[in-house]
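S.K.: Given next are the chains, with one letter for each unit.
2 protein chains.
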Amino acid sequence: MSEMVKIAVDAMGGDNSPKKVIDGIIHNHLSNDNNYYKIFGDKNKIESLIDTKVNIKNYEIINTFNKVNSEDSPLEAAKRGKDTSMWLAIESVKNKESDIVISAGNTGALLVISKLNLKMIENIDKPALSALWPNKKGMSVVLDLGANVECSSKNLFDFSIMGASLYRSLYFDIPNLALLNIGSEELKGNEIIKETFKILNDKQIKDFNFSGYIEGDKLMNGDVNVIVSDGFTGNVALKTAEGTANFITNELKNALGGNLIGKFTSLLNYSNLKKFKKRLDPRLYNGAIFIGLDSPVVKSHGGIDFIGFSNSLDVCSRIIKGNLIEKIKNNI
Amino acid sequence: MSEMVKIAVDAMGGDNSPKKVIDGIIHNHLSNDNNYYKIFGDKNKIESLIDTKVNIKNYEIINTFNKVNSEDSPLEAAKRGKDTSMWLAIESVKNKESDIVISAGNTGALLVISKLNLKMIENIDKPALSALWPNKKGMSVVLDLGANVECSSKNLFDFSIMGASLYRSLYFDIPNLALLNIGSEELKGNEIIKETFKILNDKQIKDFNFSGYIEGDKLMNGDVNVIVSDGFTGNVALKTAEGTANFITNELKNALGGNLIGKFTSLLNYSNLKKFKKRLDPRLYNGAIFIGLDSPVVKSHGGIDFIGFSNSLDVCSRIIKGNLIEKIKNNI
Numbered sequence: 001m002s003e004m005v006k007i008a009v010d011a012m013g014g015d016n017s018p019k020k021v022i023d024g025i026i027h028n029h030l031s032n033d034n035n036y037y038k039i040f041g042d043k044n045k046i047e048s049l050i051d052t053k054v055n056i057k058n059y060e061i062i063n064t065f066n067k068v069n070s071e072d073s074p075l076e077a078a079k080r081g082k083d084t085s086m087w088l089a090i091e092s093v094k095n096k097e098s099d100i101v102i103s104a105g106n107t108g109a110l111l112v113i114s115k116l117n118l119k120m121i122e123n124i125d126k127p128a129l130s131a132l133w134p135n136k137k138g139m140s141v142v143l144d145l146g147a148n149v150e151c152s153s154k155n156l157f158d159f160s161i162m163g164a165s166l167y168r169s170l171y172f173d174i175p176n177l178a179l180l181n182i183g184s185e186e187l188k189g190n191e192i193i194k195e196t197f198k199i200l201n202d203k204q205i206k207d208f209n210f211s212g213y214i215e216g217d218k219l220m221n222g223d224v225n226v227i228v229s230d231g232f233t234g235n236v237a238l239k240t241a242e243g244t245a246n247f248i249t250n251e252l253k254n255a256l257g258g259n260l261i262g263k264f265t266s267l268l269n270y271s272n273l274k275k276f277k278k279r280l281d282p283r284l285y286n287g288a289i290f291i292g293l294d295s296p297v298v299k300s301h302g303g304i305d306f307i308g309f310s311n312s313l314d315v316c317s318r319i320i321k322g323n324l325i326e327k328i329k330n331n332i
Numbered sequence: 333m334s335e336m337v338k339i340a341v342d343a344m345g346g347d348n349s350p351k352k353v354i355d356g357i358i359h360n361h362l363s364n365d366n367n368y369y370k371i372f373g374d375k376n377k378i379e380s381l382i383d384t385k386v387n388i389k390n391y392e393i394i395n396t397f398n399k400v401n402s403e404d405s406p407l408e409a410a411k412r413g414k415d416t417s418m419w420l421a422i423e424s425v426k427n428k429e430s431d432i433v434i435s436a437g438n439t440g441a442l443l444v445i446s447k448l449n450l451k452m453i454e455n456i457d458k459p460a461l462s463a464l465w466p467n468k469k470g471m472s473v474v475l476d477l478g479a480n481v482e483c484s485s486k487n488l489f490d491f492s493i494m495g496a497s498l499y500r501s502l503y504f505d506i507p508n509l510a511l512l513n514i515g516s517e518e519l520k521g522n523e524i525i526k527e528t529f530k531i532l533n534d535k536q537i538k539d540f541n542f543s544g545y546i547e548g549d550k551l552m553n554g555d556v557n558v559i560v561s562d563g564f565t566g567n568v569a570l571k572t573a574e575g576t577a578n579f580i581t582n583e584l585k586n587a588l589g590g591n592l593i594g595k596f597t598s599l600l601n602y603s604n605l606k607k608f609k610k611r612l613d614p615r616l617y618n619g620a621i622f623i624g625l626d627s628p629v630v631k632s633h634g635g636i637d638f639i640g641f642s643n644s645l646d647v648c649s650r651i652i653k654g655n656l657i658e659k660i661k662n663n664i
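Just so you know, the protein sequences line up as chains A and B, in that order.
Start counting the first sequence at 1; every next residue gets the next number (the working numbering).
Start counting the second sequence at 333; every next residue gets the next number (the working numbering).
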């Protein structure tokens with residue numbers, strides 16, 4: 001690769017920051033020396049953490065004096081002013097000094113401050129929060145996950161374009177795309193979904209294969225790569241999947257760890273159980289991508305560790321190399 | 333117990349019927365001789381299956397000549413006429429010859445034929461489809477699961493009364509009740525949910541403790557016993573949980589069965605894995621309960637085996653002994 005991908009990093013958001021964020025950068029740098037990190041945060045702390053572990057050609061630190069707190073309301077966060085690490089990281093994208101911005105901080109604040117600073121892509125009405133979701137065959141893109149509680153068919157159409165473009169930027173493949181619904185027959189669902197079905201069916205966009213509706217129990221089959229929904233339903237689906245996964249793995253842990261035989265066989269079976277755990281490791285699909293603004297904004301999970309943060313940095317660089325924004329503009 | 337619970341059973345619905353249904357009755361009869369089964373279906377077949385395995389005092393067979401097919405649309409099913417086993421079973425409840433009706437057949441048809449035959453409970457605007465859902469501490473009641481795509485705050489209020497009454501009928505305890513939403517703060521969600529929050533908060537119904545909002549990832553914590561939602565969101569949540577559970581147990585099976593060590597330790601760990609499987613056995617929370625009509629209608633899953641069907645017969649008798657309909661009428 002020739003040109004570097006410039007990533008504006010808010011180092012002060014999320015649990016255990018800036019240490020987690022800087023360790024993530026160090027880890028990411030090991031496998032990718034084509035990323036340039038513009039790090040916004042407490043310079044003294046960051047310098048001592050980064051030490052000599054990242055090549056000086058690959059980063060700079062912009063000292064900031066204020067930060068958004070996790071308990072701030074979006075409005076409070078915005079009012080906190082333009083000298084927070086989050087605001088300044090976003091502004092660096094606005095000023096074209098960075099290609100993309102990432103934060104593990106307060107989600108609501110990140111969305112609001114991004115919307116205040118960055119322009120919408122022309123002809124997109126609302127930005128959407130998307131995420132990667134594991135399935136039998138790989139990963140799907142799901143959106144919207146809560147940025148928009150109520151959506152029109154135009155919004156859902158926009159989300160389709162954006163979601164397909166994101167999938168193509170990340171995986172270089174034409175995705176199958178479906179609308180999340182409560183039945184697979186054309187007549188099921190609410191009016192907005194039926195309208196969107198008709199639009200997608202009529203327009204026959206080349207960038208994805210429209211597969212119609214998908215039900216909740218099929219989300220993880222891997223037959224569909226992009227799943228489109230309003231933000232209310234998408235958020236409930238994602239969180240329910242998360243809760244179910246936690247519930248089941250806990251039940252399994254209790255069953256296997258509950259007595260000596262369980263403990264012994266779990267030990268024997270260590271590598272198999274590790275394979276299982278690795279397949280479902282939430283660090284692999286950490287975070288969310290806010291799309292629809294003229295630069296993508298990446299949200300890493302606040303509670304994730306440095307490996308998860310490093311994976312989100314990878315997503316940042318793949319989004320830029322994959323020309324996500326260009327792809328959306330060409331299709332909308 | 334003194335009086336018998338009279339259950340109208342549609343014997344011809346679901347996979348592998350009537351055998352599955354009759355085996356379910358035989359199994360149910362073993363532990364409960366207080367149930368009386370009015371069995372609607374092909375008399376010859378049923379007689380040879382039931383043989384002498386159920387006390388003659390506990391059942392009768394009503395011969396029927398027609399049945400609803402699984403692929404019938406609800407309208408087709410209703411048009412199929414009044415001589416199907418499903419229609420006649422429902423009619424027997426309408427005529428007060430049975431206390432409750434159960435079918436493993438076509439869900440849409442069951443809902444429509446029930447609505448055609450049975451009256452609504454006074455002051456309830458729409459009936460709802462509810463189900464049991466496992467959690468860390470036991471079972472929750474969740475509704476609506478797809479009978480009503482769009483719901484008003486009055487509908488969600490009705491569902492709250494009905495869901496709490498169902499929980500109390502089954503578990504003899506005052507439940508904690510919450511609205512499924514995308515955040516736990518009072519300001520989150522759409523207008524209808526916020527209105528419902530206000531109504532439930534103001535009315536302070538004695539039959540449940542109103543716990544506010546619940547998010548998808550908390551559904552299985554067991555802190556909330558009744559979860560209320562519109563039918564679209566509820567259906568997506570239930571099916572997503574189902575899909576996630578299948579996905580994870582498949583991944584686990586692949587990991588544990590993939591090599592000799594996995595197979596060997598799974599064998600050693602047989603009883604622990606069995607405990608795990610039992611805890612998540614879908615037969616334990618089989619089916620759905622359609623409430624809001626002046627008699628409850630129980631839908632057993634079409635693909636479940638006779639043990640699952642027998643569990644649903646248990647639910648029928650607990651609903652009647654728990655005076656579900658009385659409880660709803662007293663609170664609405």
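Some clues are possibly wrong.
Stated by the list, open to error - Simulated restraints on C-beta separations: (1) A:N69 with B:K610: 43 to 49 Å; (2) B:E527 with A:E191: 17 to 23 Å; (3) B:D365 with A:S184: 22 to 28 Å; (4) B:G515 with A:G81: 37 to 43 Å; (5) B:I537 with A:F172: 27 to 33 Å; (6) B:K610 with A:I307: 32 to 38 Å; (7) B:M452 with A:E185: 24 to 30 Å; (8) B:D505 with A:K137: 40 to 46 Å.
Stated by the list, open to error - Straight-line alpha carbon distances no greater than 20 Å define the calculated PhoX-like cross-link-like pairs of lysine-lysine that follow: (9) B:K411 with A:K253; (10) B:K486 with B:K550; (11) A:K94 with A:K321; (12) B:K414 with B:K428; (13) A:K329 with A:K96; (14) A:K329 with A:K154; (15) B:K585 with B:K428; (16) B:K428 with A:K253; (17) A:K188 with B:K385; (18) A:K57 with A:K43; (19) A:K218 with A:K188; (20) A:K218 with B:K585; (21) B:K426 with B:K458; (22) A:K136 with B:K538; (23) B:K610 with A:K126; (24) A:K45 with A:K79; (25) B:K428 with B:K610; (26) A:K6 with A:K198; (27) B:K550 with A:K137; (28) A:K94 with A:K154; (29) A:K203 with A:K218; (30) A:K253 with B:K414; (31) B:K486 with B:K538; (32) A:K278 with B:K468; (33) B:K661 with A:K253; (34) A:K154 with A:K194; (35) A:K327 with A:K137; (36) B:K411 with B:K426; (37) A:K329 with A:K203; (38) A:K6 with A:K96; (39) A:K119 with A:K154; (40) B:K385 with A:K253.
FYI, nobody ran anything at the bench for these hints, they're computed from the structure.
These figures come from a predicted structure and were not determined experimentally.
Note that beta-carbon positions come from the ideal geometry of N, C-alpha and C, so glycine has one too.
S.K.: Next, verify each hint and record whether it holds.
M.R.: For each hint, the structure was consulted:
{"no.": "1", "hint": "A:N69 with B:K610: 43 to 49 Å", "result": "holds, 45 Å"}
{"no.": "2", "hint": "B:E527 with A:E191: 17 to 23 Å", "result": "holds, 21 Å"}
{"no.": "3", "hint": "B:D365 with A:S184: 22 to 28 Å", "result": "violated, 43 Å"}
{"no.": "4", "hint": "B:G515 with A:G81: 37 to 43 Å", "result": "violated, 25 Å"}
{"no.": "5", "hint": "B:I537 with A:F172: 27 to 33 Å", "result": "violated, 55 Å"}
{"no.": "6", "hint": "B:K610 with A:I307: 32 to 38 Å", "result": "holds, 35 Å"}
{"no.": "7", "hint": "B:M452 with A:E185: 24 to 30 Å", "result": "holds, 27 Å"}
{"no.": "8", "hint": "B:D505 with A:K137: 40 to 46 Å", "result": "holds, 44 Å"}
{"no.": "9", "hint": "B:K411 with A:K253", "result": "violated, 51 Å"}
{"no.": "10", "hint": "B:K486 with B:K550", "result": "violated, 25 Å"}
{"no.": "11", "hint": "A:K94 with A:K321", "result": "holds, 19 Å"}
{"no.": "12", "hint": "B:K414 with B:K428", "result": "holds, 17 Å"}
{"no.": "13", "hint": "A:K329 with A:K96", "result": "holds, 18 Å"}
{"no.": "14", "hint": "A:K329 with A:K154", "result": "holds, 16 Å"}
{"no.": "15", "hint": "B:K585 with B:K428", "result": "violated, 48 Å"}
{"no.": "16", "hint": "B:K428 with A:K253", "result": "violated, 49 Å"}
{"no.": "17", "hint": "A:K188 with B:K385", "result": "violated, 43 Å"}
{"no.": "18", "hint": "A:K57 with A:K43", "result": "holds, 17 Å"}
{"no.": "19", "hint": "A:K218 with A:K188", "result": "holds, 16 Å"}
{"no.": "20", "hint": "A:K218 with B:K585", "result": "holds, 19 Å"}
{"no.": "21", "hint": "B:K426 with B:K458", "result": "holds, 18 Å"}
{"no.": "22", "hint": "A:K136 with B:K538", "result": "violated, 46 Å"}
{"no.": "23", "hint": "B:K610 with A:K126", "result": "violated, 46 Å"}
{"no.": "24", "hint": "A:K45 with A:K79", "result": "violated, 25 Å"}
{"no.": "25", "hint": "B:K428 with B:K610", "result": "violated, 37 Å"}
{"no.": "26", "hint": "A:K6 with A:K198", "result": "violated, 40 Å"}
{"no.": "27", "hint": "B:K550 with A:K137", "result": "violated, 27 Å"}
{"no.": "28", "hint": "A:K94 with A:K154", "result": "violated, 26 Å"}
{"no.": "29", "hint": "A:K203 with A:K218", "result": "violated, 25 Å"}
{"no.": "30", "hint": "A:K253 with B:K414", "result": "violated, 52 Å"}
{"no.": "31", "hint": "B:K486 with B:K538", "result": "holds, 18 Å"}
{"no.": "32", "hint": "A:K278 with B:K468", "result": "violated, 24 Å"}
{"no.": "33", "hint": "B:K661 with A:K253", "result": "violated, 44 Å"}
{"no.": "34", "hint": "A:K154 with A:K194", "result": "holds, 12 Å"}
{"no.": "35", "hint": "A:K327 with A:K137", "result": "violated, 24 Å"}
{"no.": "36", "hint": "B:K411 with B:K426", "result": "holds, 19 Å"}
{"no.": "37", "hint": "A:K329 with A:K203", "result": "holds, 16 Å"}
{"no.": "38", "hint": "A:K6 with A:K96", "result": "holds, 10 Å"}
{"no.": "39", "hint": "A:K119 with A:K154", "result": "holds, 19 Å"}
{"no.": "40", "hint": "B:K385 with A:K253", "result": "violated, 41 Å"}
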